[in-house]
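Chains A, B, C and D are the protein sequences, given in the same order. Per our numbering, the first sequence starts with residue 9, numbered consecutively. Per our numbering, the second sequence starts with residue 9, numbered consecutively. Per our numbering, the third sequence starts with residue 9, numbered consecutively. Per our numbering, the fourth sequence starts with residue 9, numbered consecutively.
Hint data in this document are derived by calculation from the structure and do not stem from the laboratory. Each hint can be trusted.
One copy or two, either will do: identical chains are not told apart, so a pair holds if it fits within one copy or between any two.
Once the Cα atoms are required to be at most 30 Å apart in a straight line, the calculated DSBU-like pairs of lysine-lysine come out as:
| # | residue 1 | residue 2 |
| --- | --- | --- |
| 1 | 144 | 110 |
| 2 | 110 | 39 |
| 3 | 149 | 121 |
| 4 | 39 | 121 |
| 5 | 143 | 110 |
| 6 | 149 | 39 |
| 7 | 144 | 39 |
| 8 | 143 | 39 |
| 9 | 121 | 144 |
| 10 | 121 | 143 |
4 protein chains.
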Amino acid sequence: MSTIISEPYLHLIEYCETDAMRIVHHAEYIKWMEYARHRFLLSNGVDWAEIEREQGLMMPMLSVSTEYRRLLRFGDTVAVRAQLEAFDGVYLRLSYRMENWKTGELCAIGRTKSGFVDRAYRPVLLQDAYEEAYKKLIAAKTGAAAEAV
Amino acid sequence: MSTIISEPYLHLIEYCETDAMRIVHHAEYIKWMEYARHRFLLSNGVDWAEIEREQGLMMPMLSVSTEYRRLLRFGDTVAVRAQLEAFDGVYLRLSYRMENWKTGELCAIGRTKSGFVDRAYRPVLLQDAYEEAYKKLIAAKTGAAAEAV
Amino acid sequence: MSTIISEPYLHLIEYCETDAMRIVHHAEYIKWMEYARHRFLLSNGVDWAEIEREQGLMMPMLSVSTEYRRLLRFGDTVAVRAQLEAFDGVYLRLSYRMENWKTGELCAIGRTKSGFVDRAYRPVLLQDAYEEAYKKLIAAKTGAAAEAV
Amino acid sequence: MSTIISEPYLHLIEYCETDAMRIVHHAEYIKWMEYARHRFLLSNGVDWAEIEREQGLMMPMLSVSTEYRRLLRFGDTVAVRAQLEAFDGVYLRLSYRMENWKTGELCAIGRTKSGFVDRAYRPVLLQDAYEEAYKKLIAAKTGAAAEAV
Numbered sequence: 009m010s011t012i013i014s015e016p017y018l019h020l021i022e023y024c025e026t027d028a029m030r031i032v033h034h035a036e037y038i039k040w041m042e043y044a045r046h047r048f049l050l051s052n053g054v055d056w057a058e059i060e061r062e063q064g065l066m067m068p069m070l071s072v073s074t075e076y077r078r079l080l081r082f083g084d085t086v087a088v089r090a091q092l093e094a095f096d097g098v099y100l101r102l103s104y105r106m107e108n109w110k111t112g113e114l115c116a117i118g119r120t121k122s123g124f125v126d127r128a129y130r131p132v133l134l135q136d137a138y139e140e141a142y143k144k145l146i147a148a149k150t151g152a153a154a155e156a157v
Numbered sequence: 009m010s011t012i013i014s015e016p017y018l019h020l021i022e023y024c025e026t027d028a029m030r031i032v033h034h035a036e037y038i039k040w041m042e043y044a045r046h047r048f049l050l051s052n053g054v055d056w057a058e059i060e061r062e063q064g065l066m067m068p069m070l071s072v073s074t075e076y077r078r079l080l081r082f083g084d085t086v087a088v089r090a091q092l093e094a095f096d097g098v099y100l101r102l103s104y105r106m107e108n109w110k111t112g113e114l115c116a117i118g119r120t121k122s123g124f125v126d127r128a129y130r131p132v133l134l135q136d137a138y139e140e141a142y143k144k145l146i147a148a149k150t151g152a153a154a155e156a157v
Numbered sequence: 009m010s011t012i013i014s015e016p017y018l019h020l021i022e023y024c025e026t027d028a029m030r031i032v033h034h035a036e037y038i039k040w041m042e043y044a045r046h047r048f049l050l051s052n053g054v055d056w057a058e059i060e061r062e063q064g065l066m067m068p069m070l071s072v073s074t075e076y077r078r079l080l081r082f083g084d085t086v087a088v089r090a091q092l093e094a095f096d097g098v099y100l101r102l103s104y105r106m107e108n109w110k111t112g113e114l115c116a117i118g119r120t121k122s123g124f125v126d127r128a129y130r131p132v133l134l135q136d137a138y139e140e141a142y143k144k145l146i147a148a149k150t151g152a153a154a155e156a157v
Numbered sequence: 009m010s011t012i013i014s015e016p017y018l019h020l021i022e023y024c025e026t027d028a029m030r031i032v033h034h035a036e037y038i039k040w041m042e043y044a045r046h047r048f049l050l051s052n053g054v055d056w057a058e059i060e061r062e063q064g065l066m067m068p069m070l071s072v073s074t075e076y077r078r079l080l081r082f083g084d085t086v087a088v089r090a091q092l093e094a095f096d097g098v099y100l101r102l103s104y105r106m107e108n109w110k111t112g113e114l115c116a117i118g119r120t121k122s123g124f125v126d127r128a129y130r131p132v133l134l135q136d137a138y139e140e141a142y143k144k145l146i147a148a149k150t151g152a153a154a155e156a157v
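Construct all of the structure, not just a fragment, from the sequences and the given hints.
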């Protein structure tokens with residue numbers, strides 16, 4: 009069975025992402041995970057920009073971690089694969105594999121845990137706040153679980 | 009008469025501000041001008057964080073320019089001097105001199121033009137929207153003009 | 009005759025690019041011009057990552073300016089069109105139009121001027137330092153001039 | 009006995025660090041840990057900018073993690089306290105507490121693990137590569153251990 013994580017986010021590494029070691033600065037990977045998370049949501053029918061604008065929901069970061077394995081440089085392309093690890097309407101947990109797209113080498117792995125809040129920064133249950141998005145993410149989770157079998 | 013721009017903003021250059029040329033990336037200077045503008049406002053009694061929170065006023069950037077003269081590196085300290093060029097309640101124009109603090113060399117100059125808008129992004133006259141801040145900036149302008157004589 | 013600037017760089021705006029005004033922070037546009045410049049060079053056969061690595065040439069920024077016309081937000085797509093304004097082997101000047109891709113509205117315009125230096129940060133003539141890249145950029149310039157007629 | 013972590017790094021939060029939630033973007037905390045690490049090294053007599061320039065040693069990030077507890081906003085001041093957790097010449101591990109300086113509330117905690125490499129990105133033992141810096145960090149570790157008693 010082919011993996012559901014079939015379309016990694018491909019990112020061409022720009023000069024402003026490098027540092028004086030002539031490699032990508034470690035904080036940039038945190039942003040790449042954000043870009044991949046954004047696309048993971050979009051590919052599951054969840055347009056967070058629209059949800060934030062129309063439903064007043066926000067998705068603050070609760071924890072983030074990254075392990076760096078191999079260097080990446082200006083002009084390299086990194087392929088970021090996001091995978092849904094857990095979702096229950098309170099928290100959204102994703103893991104990420106960041107590979108050098110050309111060589112296939114694993115360059116970094118990461119994890120994030122996000123929550124859901126209203127405009128006053130009060131935690132909400134996504135099933136209560138916006139059921140449509142909740143259902144789409146539950147479906148994505150079921151798909152991920154089926155994949156993992 | 010001593011200059012009114014007596015206290016430059018001193019900024020220790022961090023690794024994340026450098027790029028693969030082993031010098032500061034040019035986009036970082038745009039942020040330094042912001043830091044110096046923030047402190048220029050604070051030193052004139054204008055706490056923009058409070059104004060935005062309590063008055064609902066925002067100060068979007070309308071134009072920015074920078075000329076780069078000499079390199080700066082990780083571990084250097086840059087001294088940013090902001091000077092009020094023009095203010096009429098509609099626009100706030102500042103110029104900036106960015107010097108290597110240790111050597112005194114001029115490393116970059118810049119200019120910014122900001123406007124004032126309400127929460128709906130509609131342009132406002134600062135004298136109408138929040139007279140207290142307007143008066144403080146007019147006073148700063150008068151001081152700057154007196155200095156220039 | 010169709011324009012040579014036929015393929016703008018399309019950039020999906022990410023959350024980390026926004027600020028507390030709920031719009032894109034003005035410093036991010038400086039990076040977008042870099043991304044478009046990178047792609048302008050690549051589309052003209054000039055792979056700057058390779059040139060820097062193999063020829064030891066670097067391309068420091070000498071001046072940058074941006075005018076902001078309309079807001080952009082998280083989830084918008086910006087189309088950045090880079091146009092070669094001047095090139096003589098000493099300086100590379102480009103101008104940029106940044107449009108809301110969906111609405112076609114012009115959101116910002118910008119200009120950059122870059123130079124060429126060796127590993128010791130000494131200015132070089134690109135025709136002497138790496139003639140192949142020089143010829144490609146002269147060809148791009150000729151194409152741009154022909155387009156403008 | 010007074011704590012050795014007596015001088016936290018105080019950082020005034022700037023507009024460019026916020027995002028559309030009107031709070032600080034989570035990736036900025038990664039940079040704050042870098043600023044505090046830089047100052048931790050300086051306060052222990054280790055000037056990494058000089059070491060990199062003169063000894064050709066670099067300190068790549070191997071892993072980073074952050075937990076976010078409370079929001080921080082534009083205009084807040086964050087106090088970042090770095091603490092040495094482990095050092096053996098191969099790895100440098102630090103932990104960080106990030107507090108709202110005014111209220112004293114704990115806003116985030118983090119951890120980093122750095123290594124040491126030469127100009128060719130080969131891992132080195134700091135005791136072999138630059139003993140002086142090694143001794144200073146061992147002394148800092150001993151001080152930290154004495155503090156913890």
